[in-house]
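Please model the entire structure based on the sequences and the hints provided.
Number of protein chains: 2
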Amino acid sequence: MRKILKFKNAPSVLSCACAVGAKEKEGPLGEYFDFADESDSFGKSTFEQAESELQRITLNLALKKGGLSPEMLDAVFAGDLMNQCVGSSYGLAGFGAPFFGLYGACSTAAEGLILGALAVDGGLFDTVACVSSSHNSSAERQFRFPLEYGSQRPPTAQWTATASGAFILTKKPFYGCVRITEALPGRIVDKGISDQSNMGAAMAPAAASTLYEYFSQSDTVPENFDMILTGDLGNEGHAVCKELLCAKGLDLGERFNDCGKLLYDCKTQDTHSGGSGCGCSASVTAGYVMKLFESGKINDVLLVGTGALMSPSSVLQGLGISGIAHLVRLTRETEGM
Amino acid sequence: MRKILKFKNAPSVLSCACAVGAKEKEGPLGEYFDFADESDSFGKSTFEQAESELQRITLNLALKKGGLSPEMLDAVFAGDLMNQCVGSSYGLAGFGAPFFGLYGACSTAAEGLILGALAVDGGLFDTVACVSSSHNSSAERQFRFPLEYGSQRPPTAQWTATASGAFILTKKPFYGCVRITEALPGRIVDKGISDQSNMGAAMAPAAASTLYEYFSQSDTVPENFDMILTGDLGNEGHAVCKELLCAKGLDLGERFNDCGKLLYDCKTQDTHSGGSGCGCSASVTAGYVMKLFESGKINDVLLVGTGALMSPSSVLQGLGISGIAHLVRLTRETEGM
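Quick mapping for you: the protein sequence lines, in order, are chains W and E.
For the first sequence, the tail end lands on 345 under this note's numbering, and the numbers increase by one without skipping.
For the second sequence, the tail end lands on 345 under this note's numbering, and the numbers increase by one without skipping.
If you are wondering where the hints come from, they were derived from the structure by calculation, not from laboratory data.
We put the beta carbon where it would ideally sit given N, CA and C, even for glycine.
Careful: at least some of the hints might be erroneous.
The following label-pair restraints were derived from C-beta to C-beta distances [said to hold, decoys possible]:
id : chain 1 : residue 1 : chain 2 : residue 2 : range
1  : W       : Pro78     : E       : Gly326    : 21 to 27 Å
2  : E       : Lys305    : W       : Gly200    : 47 to 53 Å
3  : E       : Asn232    : W       : Gly304    : 52 to 58 Å
Okay, the calculated bits of chain W under chain E, using three or more residues with CB under 8 Å as the criterion [to be verified]:
id : segment
4  : 49 to 57
5  : 86 to 97
6  : 120 to 130
7  : 175 to 189
8  : 326 to 340
Written out as C-alpha cells, the structure is:
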C-alpha cells in the first residue's frame, strides 16, 4: 500500500507567483494572477519560446516576492508539456541553479512540490523552486492540430491553459506561512480509456484512487479541509471522479472542486470541459489558493495533481491513456513561531 | 555556488539490472549485461513499445535479484527519451508503485539516482527504484529520420543505445554494498552549440563545469577514484571535456572515461562517436561498473550523467543546445557492518 508521506520539517512556501495569457486573465480568477500578457506571446516569436519566457517571468516574480536572488536557489524542479520538456530547460537556463527536469503531464506542479518538499525536508537543501507551465498554442500544435486548422473540439475536450506557476520552498516556517505537511505520490492507473479528447475520464480513476487511499489512511476526514482540489480533470473528469468516490462511500461535498473547472467560465469562454495543462493547477494554486491562504480565509487544502500519461504516438499506436494523481496537503501555520 | 550533497545515510544499491539490444550485446561490454534481445523488439510490434518492454524487463530483473516484489517499492523514479516519457509510463505502469517521471535526456540515470538517494536519505522512503532507457530505433525516428531512410551520419554523431538500467536503492547498508555517498546536481550550461549531430560537444562544457566544481569543493583528489565516468559524451565530447579540464589545470588521468566510449567498439561497430541515450550510462553503470564493484576490483567511482537539453522543434527554431551534468559518487562499503 502507498504510504502518506508526513514531512518531518514540513517545508514552507516562502513565496509563489503565477503568470497567464489573455484567456486566463479574462476568466473568473483573472484578478488573482500576478502577470498576464494579452498577446500570449510574452515578447517572443514562437509559441514554444513564449512558453519558456512565461516560465522565466514566473520564477523571476516568485524570487522577487521572496526577496531572493537566483544564486540562493539550491535546486529547481521543473517541467512542462513540450517534447523533451524544453519549456523548462530553455526558460530556466539563465538562473544557473541545479536543475531537475520532470515529466508528469498536468500533474507536474504537484510532482514538483512533492520532490521539492522531499529535498528540503531531508535537510540537504535549504531553498528550492518548483515551476511548471503550459501554453495553449504550443500544446495544440504538438498534441493535436495547429490552431490555424480550426479543428472542432468535442465537449469533453479540455483547454490547455497558457499559464505558469512557481513556488519557492524553504526550511524555515514563519507565522501564517503555508506548509507542505503531507503528500501521497501517485501511481499509474490504466483503465483502458483511449479517447484523447477525454483526458478527464482517463485521469479520474487515478484521482479517485489517490483520494480514497488518502482518506483510508489519514486521521483526517474531508470536513477538515477547506478545499479539496483536483487539477485538472475538468467538468467531465471531475464528475467521473466524484461518482467513483461516491460509489465507494466517500462524499467530499461542496469543498471538492477542480482547478480546470475554476480557471475558465466554460459557458462564455468556449473552453468546453475546462482547463488543463501543467500550468493550470500551478497557476490556480499559486494564484487563487495561495491568496485565499494569505487572507486567512482557508487553512487546510488538498491538491491532487492529475496527469494523463500518453503521447501522440502512443495514441496512434492504439494504447490506452493512463492517469496519475499526486496528492499534496497544504496547511497554513497558525501557531506562533 | 552549487554544493556537494553529502548523504547522511548514504543509500545502498540493493540490486541492479540491465538489458540491451543486439549491438550492445555484441560490443566490448556484452558479457556484463543481464539480458539481451537480438531482435531489438523485445517481443513487441513497435519500437516504442519495445522500449517500454525493455524497461519492464529490466526493473523486473532488478527486483528479482534483490528478492523484492513490486509492492515493496515505495517509489520509482524513471525516464527516457521519448516524447512525454512514454517509455517509462507504459513500461512501469504494471508495477503499481508511486511513480515520478523524469526528463534529463542522457543524464536521466544520474538524475534518478540523485532523486532516489534524496528520497531514501531523508528517511521517508525505504526502498526505491531508479530506471531509465533508450532505444535506437524509437529515438532515431523521433529525433532525426526513420531508419529506413538510410541517412548518413557525421563522425561526431553518437549512437543511441538500445539499453535500460535499473537500480534498487535502500536504507540499509550491507558488507560490500555500493553506496551513493555524494552528489552534485547539474545546472544548465548553454555555450551556443547548435549542431544536433554533435551532442557531445554541447554537453562537454556542463560535464567539465560539474567535475571542476566537484574537485574544487571536495576533500578528494582524482587519484582517490578508480573510475571517473561521464555518460555519455562519446569520443568527441569526452575529448572536448578533457581539454576544458586540462586548460583549468585538472588532469583526471587514465581513470577518466565515458560510458558512450565503453559501450561500443566504434571501429568495428560503425557507431561513430560512441553511445548515447538514457540507457547508455544506465546499462554501463548497472552492468559493467557494478560488476567491477562486486568483484572488489574498484571501490570508488564518480559517475557524471550528461544530457543535451533540446528538442527537434527547438533545433529547427535555431536555439542552442544546452547541456546538463549530474554527478553521483558511488562508494563500496568495505567496513564491517
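**Item:** Whether the CB-CB distance between E/Asn232 and W/Gly304 falls inside 52 to 58 Å
**Value:** holds, 55 Å
**Prompt:** the segment 326 to 340 of chain W covered by chain E? Criterion: 3 or more residues, Cβ-Cβ distance below 8 Å.
**Reply:** holds (count 3)
**Range agreement (Cβ of E/Gly326 with Cβ of W/Pro78, hint 21 to 27 Å)** = holds, 26 Å
**Proximity test - 8 Å, beta-carbon atoms, the segment 120 to 130 of chain W to chain E, at least three hits** = Holds: 6 residues of the segment 120 to 130 of chain W have a Cβ under 8 Å from chain E.
**Item:** Per-stretch coverage check for the segment 49 to 57 of chain W, three Cβ contacts closer than 8 Å to chain E
**Value:** As far as the segment 49 to 57 of chain W goes, the hint holds, because 3 residues have Cβ atoms under 8 Å from chain E.
**Message:** Against the range 47 to 53 Å, how does the distance between the Cβ atoms of E/Lys305 and W/Gly200 compare: consistent or not?
**Reply:** holds, 48 Å
**Asked** With a Cβ-Cβ cutoff of 8 Å, does the segment 175 to 189 of chain W contain at least three residues near chain E?
**Response** violated (count 0)
**Message:** Can you confirm whether chain E covers the segment 86 to 97 of chain W, using C-beta to C-beta distances below 8 Å and requiring at least three such residues?
**Reply:** With 8 residues close enough to chain E, the hint holds.
Against the hints set out earlier in the document, a violation occurs for number 7 only.
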